[in-house]
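Participant: The residues making up each chain are set out below.
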Amino acid sequence: MLLLLLLTAINYQNSLIYIFTFLLGSLFVFSIIFCFKNMSGLNLSLVKASECFVGEGAEFSFSLKTKENQDIESLCFILANEPAKIIDIADSEVASLNLTVKALKRGQLNLGRLRLETVYPLGLIRAWTWLEFKKEALVFPKPIEGSRTLSASTQGDEDEGGVVVKGEDELSGIRDYVHGDSLNRIAWKHYAAKGELYVKEFDAVSSSTQWLRYYDYLSGDKELRLSNLCFDVLSYSQKGLQFGLELPGTTIEPSQGEAHKQICLRALAVA
Amino acid sequence: MKSEKLLPRSTLWVLLGAFLMVMVPHYANISVWISGLSLGVVVWRFLVFKGLVSYPGSKIKTLLVITSVAGFYLAYRHQFSVETAVAFFVLAVSLKLIEVRFTKDCYLFVFILLYLAASQFLFSQTFMTAIYQIASAFVVLSVLFSLHKGRLKISVKRRAAALLKTVLIAVPLVVAIFMFFPRIAPLWSIPLSTGKAYTGISDSMSPGQIAELTQSAERAFRVSFSAAIPPKNQLYWRGLELDRLEGDTWRSSEYIPQGFLGKLDEGRLFFTDSSNSYDILIEPTDRKWAYALAGSTVASSNIYKGGSGYIRFKSNIIQPTQYRLAYSGDLKANELKVNNYSLDSQLLSKYLQLPRAGNPQTRRFVNDLQREYTKPVELINYLMTHFREQAFYYTLRPPLTSEQFFDDFLFNTRRGFCSHYAGSLVYMLRLAGIPSRVVIGYQGGEINEQENYLIVHQYDAHAWVEAWLDGVGWIRYDPTAMVAPSRIEIGLEDAVKEEGSFLSGSALAAARYNRIELIRWMRLNMDSLNYNWQKWVVGYDGQTQNNLLSQWFGRISFQSLAIIMTIIGGVIVSFAFLVLGTGKKRHPVDKVVLEFERFCKSTEKLGIKREIGETPSQFADRLMRRFPQLKDSLNHFVNCFHLLQYGRGAGDEHKKNSLISGIRTQARSLTKEMLKDIKKGKRSK
Numbered sequence: 001m002l003l004l005l006l007l008t009a010i011n012y013q014n015s016l017i018y019i020f021t022f023l024l025g026s027l028f029v030f031s032i033i034f035c036f037k038n039m040s041g042l043n044l045s046l047v048k049a050s051e052c053f054v055g056e057g058a059e060f061s062f063s064l065k066t067k068e069n070q071d072i073e074s075l076c077f078i079l080a081n082e083p084a085k086i087i088d089i090a091d092s093e094v095a096s097l098n099l100t101v102k103a104l105k106r107g108q109l110n111l112g113r114l115r116l117e118t119v120y121p122l123g124l125i126r127a128w129t130w131l132e133f134k135k136e137a138l139v140f141p142k143p144i145e146g147s148r149t150l151s152a153s154t155q156g157d158e159d160e161g162g163v164v165v166k167g168e169d170e171l172s173g174i175r176d177y178v179h180g181d182s183l184n185r186i187a188w189k190h191y192a193a194k195g196e197l198y199v200k201e202f203d204a205v206s207s208s209t210q211w212l213r214y215y216d217y218l219s220g221d222k223e224l225r226l227s228n229l230c231f232d233v234l235s236y237s238q239k240g241l242q243f244g245l246e247l248p249g250t251t252i253e254p255s256q257g258e259a260h261k262q263i264c265l266r267a268l269a270v271a
Numbered sequence: 001m002k003s004e005k006l007l008p009r010s011t012l013w014v015l016l017g018a019f020l021m022v023m024v025p026h027y028a029n030i031s032v033w034i035s036g037l038s039l040g041v042v043v044w045r046f047l048v049f050k051g052l053v054s055y056p057g058s059k060i061k062t063l064l065v066i067t068s069v070a071g072f073y074l075a076y077r078h079q080f081s082v083e084t085a086v087a088f089f090v091l092a093v094s095l096k097l098i099e100v101r102f103t104k105d106c107y108l109f110v111f112i113l114l115y116l117a118a119s120q121f122l123f124s125q126t127f128m129t130a131i132y133q134i135a136s137a138f139v140v141l142s143v144l145f146s147l148h149k150g151r152l153k154i155s156v157k158r159r160a161a162a163l164l165k166t167v168l169i170a171v172p173l174v175v176a177i178f179m180f181f182p183r184i185a186p187l188w189s190i191p192l193s194t195g196k197a198y199t200g201i202s203d204s205m206s207p208g209q210i211a212e213l214t215q216s217a218e219r220a221f222r223v224s225f226s227a228a229i230p231p232k233n234q235l236y237w238r239g240l241e242l243d244r245l246e247g248d249t250w251r252s253s254e255y256i257p258q259g260f261l262g263k264l265d266e267g268r269l270f271f272t273d274s275s276n277s278y279d280i281l282i283e284p285t286d287r288k289w290a291y292a293l294a295g296s297t298v299a300s301s302n303i304y305k306g307g308s309g310y311i312r313f314k315s316n317i318i319q320p321t322q323y324r325l326a327y328s329g330d331l332k333a334n335e336l337k338v339n340n341y342s343l344d345s346q347l348l349s350k351y352l353q354l355p356r357a358g359n360p361q362t363r364r365f366v367n368d369l370q371r372e373y374t375k376p377v378e379l380i381n382y383l384m385t386h387f388r389e390q391a392f393y394y395t396l397r398p399p400l401t402s403e404q405f406f407d408d409f410l411f412n413t414r415r416g417f418c419s420h421y422a423g424s425l426v427y428m429l430r431l432a433g434i435p436s437r438v439v440i441g442y443q444g445g446e447i448n449e450q451e452n453y454l455i456v457h458q459y460d461a462h463a464w465v466e467a468w469l470d471g472v473g474w475i476r477y478d479p480t481a482m483v484a485p486s487r488i489e490i491g492l493e494d495a496v497k498e499e500g501s502f503l504s505g506s507a508l509a510a511a512r513y514n515r516i517e518l519i520r521w522m523r524l525n526m527d528s529l530n531y532n533w534q535k536w537v538v539g540y541d542g543q544t545q546n547n548l549l550s551q552w553f554g555r556i557s558f559q560s561l562a563i564i565m566t567i568i569g570g571v572i573v574s575f576a577f578l579v580l581g582t583g584k585k586r587h588p589v590d591k592v593v594l595e596f597e598r599f600c601k602s603t604e605k606l607g608i609k610r611e612i613g614e615t616p617s618q619f620a621d622r623l624m625r626r627f628p629q630l631k632d633s634l635n636h637f638v639n640c641f642h643l644l645q646y647g648r649g650a651g652d653e654h655k656k657n658s659l660i661s662g663i664r665t666q667a668r669s670l671t672k673e674m675l676k677d678i679k680k681g682k683r684s685k
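For the protein sequence lines, the chains are A and B, in the order given. Residues 1 to 271, numbered by our numbering, are exactly what the first sequence covers, in order. Residues 1 to 685, numbered by our numbering, are exactly what the second sequence covers, in order.
If you are wondering where the hints come from, they were derived from the structure by calculation, not from laboratory data. Glycine included, every Cβ here is placed at the ideal spot set by N, Cα and C. Misleading hints may appear alongside valid ones.
Distance ranges between label pairs, derived from CB positions [claimed, not checked]:
1) A:E136 with B:V167: 46 to 52 Å
2) B:H642 with A:H179: 38 to 44 Å
3) A:H179 with B:R622: 37 to 43 Å
4) A:S63 with B:W188: 54 to 60 Å
5) B:K59 with A:V47: 54 to 60 Å
6) A:Q262 with B:N657: 56 to 62 Å
7) B:V167 with A:L3: 22 to 28 Å
8) A:I86 with B:G57: 32 to 38 Å
9) B:P8 with A:L3: 28 to 34 Å
10) A:A259 with B:L164: 57 to 63 Å
11) A:Q262 with B:K601: 46 to 52 Å
12) B:I612 with A:W211: 50 to 56 Å
13) A:V47 with B:A562: 49 to 55 Å
Reference listing, derived: stretches of chain B covered by chain A, where coverage requires no fewer than 3 residues with Cβ under 8 Å from a Cβ of chain A [said to hold, decoys possible]:
14) 146-156
15) 165-177
Calculated lysine-lysine pairs in the DSS-like style (CA-CA distance at most 27 Å, straight line) [unchecked claim]:
16) B:K149 with A:K85
17) B:K149 with A:K65
18) B:K165 with B:K149
19) A:K67 with B:K149
20) A:K85 with B:K5
21) A:K134 with A:K48
22) B:K232 with B:K305
Kindly generate the complete structure, drawing on both the sequences and the hints.
Facilitator: Structure below.
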């Protein structure tokens, strides 16, 4: 375009077209500067990488801050295979941004190369940068219900015999709510009556410790087994049962509660 | 996917605005129906935006394109000029406007609009045009900006400040590039003709024609003399001669080859430094005639002396052009220097040509005179006196004359203006066998006192007579000066004062209101601005550049020009890099905090540093432990601080200010006391 204008100016010996061309040219140069300055000085940190199951979206949270006296406009976050996200950050303000990446595989999920770009102010110039982050999101296996052999050898504590999943209903007492207890086990009736949270305690015998063992599952595939384990971890946790997890190379002692569930899930994710 | 984004509404508004801003000046130069179509498209696009009509289907679009192209062909098939190209551009861009739906369409559209804005300079290069077109360039660019700016609410003030800063840095950059950018000759031939009709003198003169011109206040040219401006009655700007009389119309038989395509003459070398020279800046006429005083010699390379002694341009004047002439200094002599004091037979018959018959009364009149005055000079003098002494009137509204024009005019109506008088004098002289011709051009001019130059307007158009006297040469006779001396001595305005016909047809012409001093002053100032603009900016070409730069740097080559330009440009761009893009706005730090921080700094010098996160009262407590004797004043200081910073309604602005200054004095005395204490402590040790 500028070249065309310059040609016109030369051929018609037209001073004002020369001026017009030079003006547009310098504005073009300035737009490079504006574009660069729009992005330089950005302070970006990956605050948190969330955990999720395979098939869900792992969320990466960023916090962004500009330099003093700088506004950042129309900053584009681009990940491969994901729709771009555009954000504006006002002068000395902390903005946050979540990027979701679809988790396709179990294990550590890296964000991959993140491209930051801006075409501000005129869309003629693109400033961009590639970013890579160490922080990874953990992807748990997809919970799939599976069947397992409940052979004696693989049962929980030796002497308890075949009585396994029974006895959950036998209430033995209630205790104060501790953070992390399953919602299913909260004594809602008591809550309604007294306004305080209590948790139902079940008979120690019937809630005999369960072991979830990798080799108990019938299917041969590793991923499927882990998925089955994952399903059971979730369902046991939901029911508020005590359970232990045994994986090749890792053993997690029986326990219960939200924290225990997380430990188990993480173990499954990295197994 | 991203590029398929629909155009946001806000952008569309800017786009329509930019479109109109660029197009409107073009509408004056192109066919009315294209302008109409273009405006119609804007309305259509607006209705689409409002949701009242939908986007046109492909059938309608095809139909529209076919009809427009056909219409364009019909309207412009006979010419190929700049206008044709621009008209086609306007048509195409207008049609494209319907199609701009997505953001990706915007870029091309914006570029074409910018080009169209620039092409307006082919038609007009005045200062106002420049301002307007540059403004519209910014509006066009804001289309792109509105696409890419964020959703932040940034105040208009801040945006304007950024824009202003951009412009302020761009201006020196543009000026530097403009001055140093190496000018090269046109690369290929271009259609020169703009096809535009210009007001100005034409190559024929029938009764009444110049009268139309006298109604125009447009500028014909401007002249600046190296010496003092000669008196008005000597300023006869010769344009061309009319030597053939057909019926009552005088025509020019001069043949000037007309080029169709050609390169603009890129250089104009001024090769005189004669003390008596003048520069003329002529407005476009689309002709080759250069106006000059009698006896001038060519002093610039874009003009030459034509075969019949008139100054001619090498190519048609399609943009304001400057040329220089030198003159002998003595303009008083009415005669033109000629090399050969006799005319050959061919020229003789040319300057004696007359229709065979007609105007019997005039023929008889001249016959009688010839018998009485045998010498040509005597005859001419008699005729001039005749015009002065008989009841001839100068008027811009002459009565209609019969077919025997000269009879009717000379013996019946006796009312007319320059072309009537000049035409009939030449008619009579030729009847008497004296070779003569009508010369047309301009006479006089308006002096702009501000810059001391002369403005010649279209209403200064004039016709006079040159007669050949054997052994002497061509002598100028102006019968109009006999009838209305004020026309020559003062100007047209004065000559037709009583009649009130000065620019009576153009109510808006500022020159019509010359009697109002303020308007005249403003008009002349505006003209000076435009004159300097034309001279220094529009007329800045390779030659001017060379002249100017060699004054500063000596002889300068193409390469060193480029190097200078790069250096200056680089400096400015790096300056721009430092300044642009970051706001200068400082966050208003609370005055109270500022005072407290100042206090902390002074204590730091004393060796007591406020820890990070230590509140003022904690800090004061620490100080109190160190300087127990200052306990009360420290307490007071901190209380004042708290009151100002956290106390609700610390009072009005005035009270607040006095409290703040109170804090300042307290802080000072506290530091002084502490310093004293420390010194004392040292001494006692």
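Participant: Give a verdict on every hint.
Facilitator: Now the hints, each set against the structure:
1. A:E136 with B:V167: 46 to 52 Å: 49 Å, holds
2. B:H642 with A:H179: 38 to 44 Å: 40 Å, holds
3. A:H179 with B:R622: 37 to 43 Å: 40 Å, holds
4. A:S63 with B:W188: 54 to 60 Å: At 59 Å between Cβs, range holds.
5. B:K59 with A:V47: 54 to 60 Å: Holds, since K59 (chain B) and V47 (chain A) (Cβ atoms, about 56 Å apart) stay within the stated range.
6. A:Q262 with B:N657: 56 to 62 Å: With Cβ atoms ~59 Å apart, the hint holds.
7. B:V167 with A:L3: 22 to 28 Å: 24 Å, holds
8. A:I86 with B:G57: 32 to 38 Å: Because 33 Å falls inside the window, the suggested range holds.
9. B:P8 with A:L3: 28 to 34 Å: 30 Å, holds
10. A:A259 with B:L164: 57 to 63 Å: Since the Cβ atoms of A259 (chain A) and L164 (chain B) sit about 60 Å apart, the hinted range of 57 to 63 Å holds.
11. A:Q262 with B:K601: 46 to 52 Å: 50 Å, holds
12. B:I612 with A:W211: 50 to 56 Å: The hint (50 to 56 Å, Cβ to Cβ) holds, given that I612 (chain B) and W211 (chain A) are roughly 53 Å apart.
13. A:V47 with B:A562: 49 to 55 Å: At roughly 52 Å between Cβ atoms, A562 (chain B) and V47 (chain A) fall inside 49 to 55 Å, so the hint holds.
14. 146-156: holds (count 7)
15. 165-177: Holds, because 6 residues of the segment 165-177 of chain B bring their Cβ atoms closer than 8 Å to Cβ atoms of chain A.
16. B:K149 with A:K85: Distance ~15 Å between K149 (chain B) and K85 (chain A) Cα, so the pair holds.
17. B:K149 with A:K65: Answer holds: K149 (chain B) to K65 (chain A) is near 18 Å, not above 27 Å.
18. B:K165 with B:K149: Roughly 18 Å between the alpha carbons, so the hint for K165 (chain B) and K149 (chain B) holds.
19. A:K67 with B:K149: Answer holds: K67 (chain A) to K149 (chain B) is near 18 Å, not above 27 Å.
20. A:K85 with B:K5: 14 Å, holds
21. A:K134 with A:K48: 11 Å, holds
22. B:K232 with B:K305: 24 Å, holds
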